[in-house]
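Residue 125 in this note's numbering sits at position 125 of the sequence shown, and the numbers go up by one each step.
These aren't lab readings, by the way, just hints derived from the structure by calculation. Be careful, since some hints might not be right.
Simulated DEER-style distance windows between Cβ atoms [as the list claims (entries may be wrong)]: (1) Ala-154 - Arg-41: 38 to 44 Å; (2) Val-12 - Tyr-138: 26 to 32 Å; (3) Gln-158 - Ala-48: 51 to 57 Å; (4) Val-24 - Ala-85: 44 to 50 Å; (5) Gly-94 - Gly-141: 45 to 51 Å; (6) Ala-117 - Val-34: 56 to 62 Å; (7) Leu-5 - Arg-81: 28 to 34 Å; (8) Gly-155 - Thr-134: 51 to 57 Å; (9) Ala-30 - Tyr-138: 40 to 46 Å; (10) Val-88 - Glu-19: 47 to 53 Å.
From the three backbone atoms N, C-alpha and C, an ideal C-beta is built for every residue, glycine too.
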Amino acid sequence: MDNNLPLGRREVIARRLDEGQAVVANVLAAEFDVSEDVIRRDLRNLAADGRCRRVYGGALPLSAPSTPINQRIGESEERKRALAAVAVSLIAPGEMIFIDSGSTNLALVPLLPDGIAVVTNSVVIAGALQARGTIATYMIGGKVDAQVGGCVDAGAVQALGQFNIDRAFLGACAVSGEEGIGPFTPTMPPSNAPPSRSAATVSSWPPATSWTAAPISASPRSTGSRIWCSNMTPPRWRPP
Numbered sequence: 001m002d003n004n005l006p007l008g009r010r011e012v013i014a015r016r017l018d019e020g021q022a023v024v025a026n027v028l029a030a031e032f033d034v035s036e037d038v039i040r041r042d043l044r045n046l047a048a049d050g051r052c053r054r055v056y057g058g059a060l061p062l063s064a065p066s067t068p069i070n071q072r073i074g075e076s077e078e079r080k081r082a083l084a085a086v087a088v089s090l091i092a093p094g095e096m097i098f099i100d101s102g103s104t105n106l107a108l109v110p111l112l113p114d115g116i117a118v119v120t121n122s123v124v125i126a127g128a129l130q131a132r133g134t135i136a137t138y139m140i141g142g143k144v145d146a147q148v149g150g151c152v153d154a155g156a157v158q159a160l161g162q163f164n165i166d167r168a169f170l171g172a173c174a175v176s177g178e179e180g181i182g183p184f185t186p187t188m189p190p191s192n193a194p195p196s197r198s199a200a201t202v203s204s205w206p207p208a209t210s211w212t213a214a215p216i217s218a219s220p221r222s223t224g225s226r227i228w229c230s231n232m233t234p235p236r237w238r239p240p
């Protein structure tokens, strides 16, 4: 296929996006010897086909849906432990914290100090806390999503509203500088959104692969106090 023809050029760009590469309009224009307007039209068409997310100056790949939590628990264990150590250092004595469902957040459990209370929507995290037996644990209800290992529907949001959360640790499927934290499906935003207006700090813990895009925006960038990234050494906060 001739890459200089519209369909050929568009397919080359699409393959790069499918491989997880971000693309920049002016770079593509120089590569294919066409105007930036032509590339922008290609990117609009690819976005309309669900192949990418348009951003200023180019396009981002859509993150692939995450694997089931039972599989993710064993992945990137060293990075998750490093993130957990940073997370625990933020917790003050006597706080009530919310821990969102996710394999990264599960790594917090062994390091949590006694004398706090934990609210979670995660079956796995609640089970790990119960096994410790030294931390007051509140499990919010709703339908359990087997993929994420927790309750992520409207019922979970309603149940969460009765708690005064001091600090929230959220999972994230994807992160965008423009759109904030995002999940893959419309049923997931409730637990990815800030759980309480009274929460002093809302922190997100995206894995290194999450700096792409997801189709749903759950938590706008202004609501996240800190975003900590496992691809930073040592892990540290990045302004959203």
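_Those earlier numbered hints the structure runs against, lowest number first_ = Violated hints (numbers, rising): 2, 3, 4, 5, 7, 8, 9, 10; every other hint is consistent with the structure.
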